[in-house]
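Novice: In case you want the letters, here they are:
Number of protein chains: 2
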Amino acid sequence: MKYCSECGSGRIDLTIPGGDDRHRHVCPDCGIIHYTNPRIIAGVLPVWEDRILLCKRSIQPREGYWTLPAGFLENGETLQDGARRETREEALAQVDLHDIYTIFNLTHINQVYIFFRGSLLDGDYGAGDESADAGLFSAEDIPWGELAFPTIHETLGFYLQDREHGDFPVRTRDIEPMNRG
Amino acid sequence: MKYCSECGSGRIDLTIPGGDDRHRHVCPDCGIIHYTNPRIIAGVLPVWEDRILLCKRSIQPREGYWTLPAGFLENGETLQDGARRETREEALAQVDLHDIYTIFNLTHINQVYIFFRGSLLDGDYGAGDESADAGLFSAEDIPWGELAFPTIHETLGFYLQDREHGDFPVRTRDIEPMNRG
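First to last, the sequence lines map onto chains E and D. For what it's worth, our numbering labels the leading residue of the first sequence as 801, then goes sequentially. For what it's worth, our numbering labels the leading residue of the second sequence as 801, then goes sequentially.
Worth double-checking, as some hints may not be accurate.
Because identical chains cannot be distinguished in the list, a pair is counted as satisfied if it fits within a single copy or across any two copies.
Only pairs whose alpha carbons sit at most 20 Å apart, straight line, appear in this in silico DMTMM-like list of lysine to aspartate or glutamate [what the hints assert, rightly or not]:
id : residue 1 : residue 2
1  : 856       : 806
2  : 856       : 941
3  : 802       : 962
4  : 802       : 863
5  : 802       : 954
6  : 802       : 849
7  : 802       : 813
8  : 856       : 930
9  : 856       : 940
10 : 802       : 829
11 : 802       : 922
12 : 856       : 954
13 : 856       : 967
14 : 856       : 929
15 : 802       : 821
16 : 856       : 899
17 : 802       : 889
Note that these hints are calculated values from the structure, not bench results. Model, not experiment: these values are computed from the prediction.
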């Protein structure tokens with residue numbers, strides 16, 4: 801932040817406000833404190849019969865790598881709305897959501913990922929604007945070496961384990977930068 | 801947003817950028833798009849023996865009403881860190897976290913609440929800086945008419961039901977503005 805979005809001042813301090821214990825961007829001219837907070841990424845693990853829908857990214861970061869449909873939650877959206885929207889946009893697919901399944905803290909980039917399990921409504925899918933390809937993968941065909949993000953790797957791993965028992969407890973994990981493949 | 805935080809311009813447009821489908825604050829001078837996204841509130845339902853720890857708020861909003869420890873997740877924090885910090889700050893208590901328990905969408909104020917179940921480590925607690933009082937409440941003593949937020953009411957209600965069966969599935973709900981007591 802270089803300028804105050806409230807008054808236009810170019811004098812933004814990084815300081816600990818009274819009664820606080822963290823550094824914030826504070827405008828010394830109008831006094832406003834500019835808070836920033838972690839963002840949510842909502843996603844889905846969409847299944848059709850015994851296969852999992854993955855999309856190949858056509859945009860950065862991680863262009864050319866495979867991902868589950870997921871993206872930043874927007875203002876005015878529920879987690880469920882966001883997860884379904886990303887599935888429509890990235891995989892041109894309609895999904896029936898089940899329970900929340902995985903939750904990841906990525907403190908180094910101030911993100912929280914939340915994935916639902918889901919079922920494709922009709923088996924239709926395709927490559928959306930941000931995807932170069934989309935496909936249904938059996939367990940033995942998952943491109944483990946070409947997955948876009950650690951959150952995808954972890955969610956798929958948990959799912960294949962949990963599917964054997966038919967029980968899908970919520971899984972929470974912290975993702976550290978060095979885990980990035 | 802009145803001024804661009806990147807270049808200081810006072811000409812901020814509310815427009816749909818190319819390739820997007822939502823209105824954003826866009827600076828016509830430097831071209832930057834200013835995204836805003838929902839914020840996360842992390843909290844705890846802290847239990848000691850068979851009683852639940854509540855805090856009476858000493859700040860607005862809902863000053864004088866009872867709440868579970870909860871607050872905005874900070875950058876660099878995990879959900880768990882945030883939930884524990886709020887319990888220390890608001891209730892001067894140390895808590896051992898169990899699983900994520902309730903998740904609420906509050907789309908009208910762009911917030912997602914996430915509560916963990918937890919156990920007090922040693923039974924110690926008190927009123928923190930943002931609390932006028934704190935106390936352990938049995939089921940029959942919960943001040944239902946004096947709870948601060950619908951998320952608190954719902955979380956306590958789920959807990960008392962689920963405790964009878966000893967099973968605490970993750971509960972997700974949408975909170976609408978008209979539910980506010």
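Novice: Going through the earlier hints one by one, which of them does the structure break, listed in rising order?
Specialist: 1, 3, 4, 5, 6, 11, 13, 15, 16, 17
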